[in-house]
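A.B. asks: Join these two chains into a complex; the hints should help.
Each chain, letter by letter, is given below.
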Amino acid sequence: MIQLLLVPAALLIALVFGIPLLRYSWLSFHADSVLTGLVAIPNHGANWLRLLHDQRFWQDTYQTARFATVSVSLELLLAIAIALLLDQRWRGRGVVRAISLLPWALPTTVMALGWRWIFNTPYGPIEQFTELIGLQPLNILSNPNITWLATVVGDVWKTTPFAALILLAGLQTIPNDLYEAFHLEGGHPRAALFQITLPLLQPYLLLSLLFRLAQAFGVFDLIQVMTGGGPAGSTESLALYAYLNAMRFLDFGYSATVMISGFLLLVIACLIAWLIIKQTSHWREALK
Amino acid sequence: MIRQRNLWITLLLLWSLAPLLWQLYTSFCTHEALLQPLAEHNQRWTLDNYRQVLTANPPFWRYLLNSVIVGISSTGLTLLIAIPAAYSLSKVSQNVASAARLILLGAALFPYVLLFVALLELARSFNLGNNLLALSFPYAGLSMPLAVLLLLSAFRDLPSELEEAARLEGFDLWQRLRWVLIPLIGPATASTAILVFLFSWNEYPIALTWISRADLLTLPVAIARIAGSSVYSIPYGAYAAATVLGALPLLLLVLIFQRQIVSGLTQGAIKG
Numbered sequence: 001m002i003q004l005l006l007v008p009a010a011l012l013i014a015l016v017f018g019i020p021l022l023r024y025s026w027l028s029f030h031a032d033s034v035l036t037g038l039v040a041i042p043n044h045g046a047n048w049l050r051l052l053h054d055q056r057f058w059q060d061t062y063q064t065a066r067f068a069t070v071s072v073s074l075e076l077l078l079a080i081a082i083a084l085l086l087d088q089r090w091r092g093r094g095v096v097r098a099i100s101l102l103p104w105a106l107p108t109t110v111m112a113l114g115w116r117w118i119f120n121t122p123y124g125p126i127e128q129f130t131e132l133i134g135l136q137p138l139n140i141l142s143n144p145n146i147t148w149l150a151t152v153v154g155d156v157w158k159t160t161p162f163a164a165l166i167l168l169a170g171l172q173t174i175p176n177d178l179y180e181a182f183h184l185e186g187g188h189p190r191a192a193l194f195q196i197t198l199p200l201l202q203p204y205l206l207l208s209l210l211f212r213l214a215q216a217f218g219v220f221d222l223i224q225v226m227t228g229g230g231p232a233g234s235t236e237s238l239a240l241y242a243y244l245n246a247m248r249f250l251d252f253g254y255s256a257t258v259m260i261s262g263f264l265l266l267v268i269a270c271l272i273a274w275l276i277i278k279q280t281s282h283w284r285e286a287l288k
Numbered sequence: 001m002i003r004q005r006n007l008w009i010t011l012l013l014l015w016s017l018a019p020l021l022w023q024l025y026t027s028f029c030t031h032e033a034l035l036q037p038l039a040e041h042n043q044r045w046t047l048d049n050y051r052q053v054l055t056a057n058p059p060f061w062r063y064l065l066n067s068v069i070v071g072i073s074s075t076g077l078t079l080l081i082a083i084p085a086a087y088s089l090s091k092v093s094q095n096v097a098s099a100a101r102l103i104l105l106g107a108a109l110f111p112y113v114l115l116f117v118a119l120l121e122l123a124r125s126f127n128l129g130n131n132l133l134a135l136s137f138p139y140a141g142l143s144m145p146l147a148v149l150l151l152l153s154a155f156r157d158l159p160s161e162l163e164e165a166a167r168l169e170g171f172d173l174w175q176r177l178r179w180v181l182i183p184l185i186g187p188a189t190a191s192t193a194i195l196v197f198l199f200s201w202n203e204y205p206i207a208l209t210w211i212s213r214a215d216l217l218t219l220p221v222a223i224a225r226i227a228g229s230s231v232y233s234i235p236y237g238a239y240a241a242a243t244v245l246g247a248l249p250l251l252l253l254v255l256i257f258q259r260q261i262v263s264g265l266t267q268g269a270i271k272g
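Chains as they are written, first to last, in our numbering: chain F, 1 to 288; chain W, 1 to 272.
These aren't lab readings, by the way, just hints derived from the structure by calculation. Positions of the beta carbon are idealized from the N, C-alpha and C atoms, including for glycine. Incorrect hints may have been included.
Unchecked claim - For each label pair, taking beta carbons as the anchor points, the in silico distance ranges come out as:
(1) W:57 with F:143: 32 to 38 Å
(2) W:15 with F:66: 20 to 26 Å
(3) F:19 with W:92: 20 to 26 Å
(4) W:225 with F:126: 23 to 29 Å
(5) F:36 with W:103: 33 to 39 Å
(6) W:171 with F:175: 37 to 43 Å
(7) W:168 with F:4: 22 to 28 Å
(8) W:15 with F:143: 23 to 29 Å
(9) F:280 with W:162: 43 to 49 Å
(10) F:190 with W:171: 52 to 58 Å
To be verified - A short list of chain F residues far from chain W (calculated; beta carbon distances all over 10 Å):
(11) 29
(12) 37
(13) 39
(14) 41
(15) 50
(16) 76
(17) 134
(18) 143
(19) 197
(20) 272
(21) 277
Unchecked claim - To give a feel for the contact side, a few chain F residues facing chain W, derived at Cβ under 10 Å:
(22) 19
(23) 78
(24) 90
(25) 93
(26) 107
(27) 125
(28) 238
(29) 246
(30) 255
Chain W on its own, in the form it takes in the complex (with noise of 0.2 Å):
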């Protein structure tokens, strides 16, 4: 039962991890013995494709600084919008309250890919492409809705006394808020928050759309850059060592996060 067991752990291991080792691998391989991998090299291993990722122009942790302006201006705006309108929704009457969750609801399932190219014109018109802080808008509204459901759900959790002590002790509802409310919501705050990021960080259709200048590219449109860039020549172990680097810091954020993760995701299918 037991090594049956650890056989389904294994394999579960092997699946979430080989298309990653593989890139590893081969982003630590000399051109040639990418070609010939069975044959006699003298040289196999090489740092050169880190090298020609890290000093191309421009050089490849712009986009990891491009990615992480993007996806923390994008999270600051929508906590700065969800929280309020979680807690109000969560003061509403029950019926207003339902159909605002069923709302969300349709609108967090919805393909937003659909909507980039009507999103493209709105940039067009406001002037708002090539500007980092400006993919905060269309990030922040479409990670509303989860972002919303996720905190409407902590608010409702909240016992009511706690909040009526507050009134009655003469706190204003900003005061309730800061004081009371908002500490109390703290890890589905940080839930959503990490949820949000990620979506920020990885987000395509729309940063590939808004942006055109080579260095304000996010890392996703970088690395689909990089790919469309040379479709003849095999320079495979530059991509590998790309996408290693492009890796590297959501592998750190998941072992961090993994917790906030985790609750955000459940929280949102038990409650929403």
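Chain F on its own, in the form it takes in the complex (with noise of 0.2 Å):
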């Protein structure tokens, strides 16, 4: 009876993600585009040949696979230097926190407007501080080799403060005790970061991982406001091609394939950064 109430719930979460996935799977074996009338037409696999000798989703899952390594390392060691700050006893911390969210709680959209505006050539504040100390303007958003370097500061900026929140929880369940007994056996307090600290952070360390790979490989709102997929398609990730797939080429078949290998990609992406972890904890194992 009481299993009942588990009823509805279980329903929604059926047909918002066992629906997408089960239709993706089917569609990614049709032609469903203007070609086809918009009628799904089984094309027995032609979606996935296709896929394999498509130079831009190999370069967008490149792009992909760069953006999400980049970010979330560069996220979670900023994350556990935030996380020690905000861990220590000060003066006001708790406003100090809540500031340190707010990049966490804004629309992806509004900041990804705003970096636009803050990486413009010429108006924007870096080019005019290029152009102040004499130096040839940079180009952010316009030179292929570099704009992902800025869409990687917009997302390091929005989602540091999550993981930062998710290591410090971490950090506060870790036993003072632990490290007054480091401390009367004489260890240092900066070793007690490495032989204390992370090794107790791990699980956290691993979810906030996995949660912040899974978010950056499928960025979307960030590129296409910021720089919609340019220049020369250098910032393309593989949900924005998904989206235009869908959307203005109106391929769905196509489109459905793009996001199913985007999936598998991802727990590939996944079992990948969980063997990394656990090699370095034998490693660590090892050591002591």
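C.D. replies: Next up, the structure:
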């Protein structure tokens, strides 16, 4: 009887998560575009064959992986530092914590527009500064080699607070006695970071790593508003490519194929990250 | 030591606030002052950017109102479904509950952006496009995993004697939930509500594809549309005014509800 209370939630989750995934899997084996009059016709894996030879798909995969790796690594490093800072006791800590949360709470599109202005050439503050000290303009948003770094800055700014909070929660579960004992045995405070804090923080690091990796892999809002995928497609992410396939090229079959392969690549990325973390903890065991 | 810490605190504040303060500064600048910031100007400061944004058609507050409607209806729907579900999961056997939590965690981690094309198809087949309240369905569905996880851990923290006592008093299931259990999980409910509200307020890809009528756009989509509207001129003063107006409600929300937000996120981390 009580189990009946689960039904609405289960139905809604199935409708929002389950049906789309099934629908994509099915669509990825069908041609469904303007050419077929938006009617799904089985095409025996032609979408997947096309994907294998699609330069743009692999370019976007590379870009998404590069973006996710660099921004998630930076975020975690910064988040550890911020969490350690916020874990100490000092006056005004609550206010600072609230302020540092602000970037996370704002809609992504709002600050994506803000970043476009900050990185603007020649009127944004950064280019004004380079001009002031007599450098050539950087053309941040129109140079395909560096634009993606600007999107990394936007992402790190927005999502670090979230990771910092998760890690802060982890820090607060570590009993103070451990540090006192370490201190009494003559351990250096800095060594405590590597021998107590980080090892005990590992589950929280893993959780924020997985969560952030998944979100960074699906990056969409930031890229679409900040660069539109440009210049020269250099910042286009897989999610944006799937979006363009569906909404601009009206090719739903291929869009579904891109979505599903994005999901598969994410699973692989998570496995790799998990293996690396497991390996490093083995090394740490071995070093002890 | 303390001086070093103050340095880090200053850096953290700068990093968090500088991009926002730059928007604030930009929003009050005249066009000429933006193009030549270092030159002398007769008039450097102006309210024109705000006037422009607030008198546009539709005016900017319309988008704020739309986002409030979507946020409140999604939060209400989520809690309505998630509270009974979490209660029910706190009563089932350990194995079932563990399996359910694993599924919920996986769904909560899932990058939902990948779902929006199929969700758009659902909207088309049920004729849910251009309807603010209809957005609550995907939003409630996408927030459901996190909401159930948070509320489940709150229900499990309650001592079982409480409910037992209420049962002996002759309370039926509905009365026990209404008068005993739901008041006791108030803090967790508040945390969940604010997180769901923030998600619905900020959500972009689904709102972008489900809503096309200009007067129904939610704030994130309206902002993005402003961004896409004129590529060649530089109306950044007006952009900045729009971002400041869009950021203000959230600034208030974060300052008022920071404790709930923090405990929601951290509970999710510790117990999820």
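A.B. asks: None of the hints should be skipped; say for each whether it holds.
C.D. replies: Each hint, compared with the structure:
A beta carbon spacing of about 37 Å between residue 57 (chain W) and residue 143 (chain F) agrees with the range 32 to 38 Å that was offered as a hint. A hinted range of 20 to 26 Å for the beta carbons of residue 15 (chain W) and residue 66 (chain F) is consistent with their spacing of about 23 Å. Range check, residue 19 (chain F) to residue 92 (chain W): about 25 Å between beta-carbon atoms, so the 20 to 26 Å window is met. As the Cβ distance of residue 225 (chain W) to residue 126 (chain F) is approximately 26 Å, the hint placing it in 23 to 29 Å holds.
The given range of 33 to 39 Å is respected by residue 36 (chain F) and residue 103 (chain W), whose C-beta atoms sit roughly 35 Å from each other. Range check, residue 171 (chain W) to residue 175 (chain F): Cβ separation about 40 Å, and the 37 to 43 Å hint holds. The hinted window of 22 to 28 Å between residue 168 (chain W) and residue 4 (chain F) holds, with their beta carbons roughly 23 Å apart. Range check, residue 15 (chain W) to residue 143 (chain F): Cβ separation about 24 Å, and the 23 to 29 Å hint holds.
A C-beta distance of roughly 45 Å is found between residue 280 (chain F) and residue 162 (chain W), which places it inside the suggested range of 43 to 49 Å. Restraint check, residue 190 (chain F) to residue 171 (chain W): a C-beta distance of roughly 57 Å satisfies the suggested window 52 to 58 Å. Chain W leaves residue 29 (chain F) outside its interface by the beta-carbon criterion, the shortest separation being 15 Å against a cut-off of 10 Å. With 10 Å as the threshold on Cβ separation, the claim that residue 37 (chain F) sits away from chain W holds: the shortest Cβ distance comes to roughly 16 Å.
Every C-beta of chain W lies more than 10 Å from that of residue 39 (chain F), the closest at about 13 Å, which supports listing it as non-interface. Distance check on residue 41 (chain F): its Cβ is at least 17 Å (rounded) from any Cβ of chain W, clearing the 10 Å threshold; non-interface status holds. With a least beta-carbon separation of about 17 Å from chain W, residue 50 (chain F) lies farther than 10 Å from that chain, consistent with its non-interface assignment. Non-interface call for residue 76 (chain F) relative to chain W: holds, since the shortest CB-CB distance, roughly 14 Å, exceeds 10 Å.
For residue 134 (chain F), the requirement that its beta carbon stay farther than 10 Å from each beta carbon of chain W is met, with the minimum near 14 Å. Under the 10 Å C-beta cut-off, the non-interface status given to residue 143 (chain F) relative to chain W holds; the minimum distance is some 18 Å. Distance to chain W confirms residue 197 (chain F) as a non-interface residue, since its nearest Cβ pair spans about 16 Å, more than 10 Å. The claim that residue 272 (chain F) is not at the interface with chain W holds, since no C-beta of that chain comes within 10 Å of its own (minimum 16 Å).
At the 10 Å boundary, the C-beta of residue 277 (chain F) stays outside the reach of chain W, the nearest C-beta of that chain being 16 Å off. Proximity of residue 19 (chain F) to chain W holds as hinted, the smallest CB-CB distance being about 7 Å (cut-off 10 Å). The restraint placing residue 78 (chain F) at the interface with chain W holds, with a minimum CB-CB distance near 8 Å, inside the 10 Å limit. Taking 10 Å as the C-beta contact cut-off toward chain W, the hint placing residue 90 (chain F) at the interface holds, the least distance being around 7 Å.
For the restraint placing residue 93 (chain F) at the interface with chain W, the shortest Cβ-Cβ distance is roughly 9 Å, inside the 10 Å limit, so the hint holds. Interface hint at residue 107 (chain F): satisfied, since its Cβ lies 4 Å from the closest Cβ of chain W, which is below the 10 Å cut-off. The beta carbon of residue 125 (chain F) comes within 6 Å of a beta carbon in chain W, closer than 10 Å, and the hint placing it at the interface holds. A least Cβ separation of about 9 Å between residue 238 (chain F) and chain W falls short of the 10 Å threshold, and the interface hint therefore holds.
Of the supplied interface hints, the one on residue 246 (chain F) holds, with its beta-carbon coming within about 5 Å of a beta-carbon of chain W, less than 10 Å. With a cut of 10 Å, the hint placing residue 255 (chain F) at the interface with chain W holds, because the nearest CB-to-CB distance is about 6 Å.
Checked against the numbered hints listed earlier, the structure breaks none of them; every hint is satisfied.
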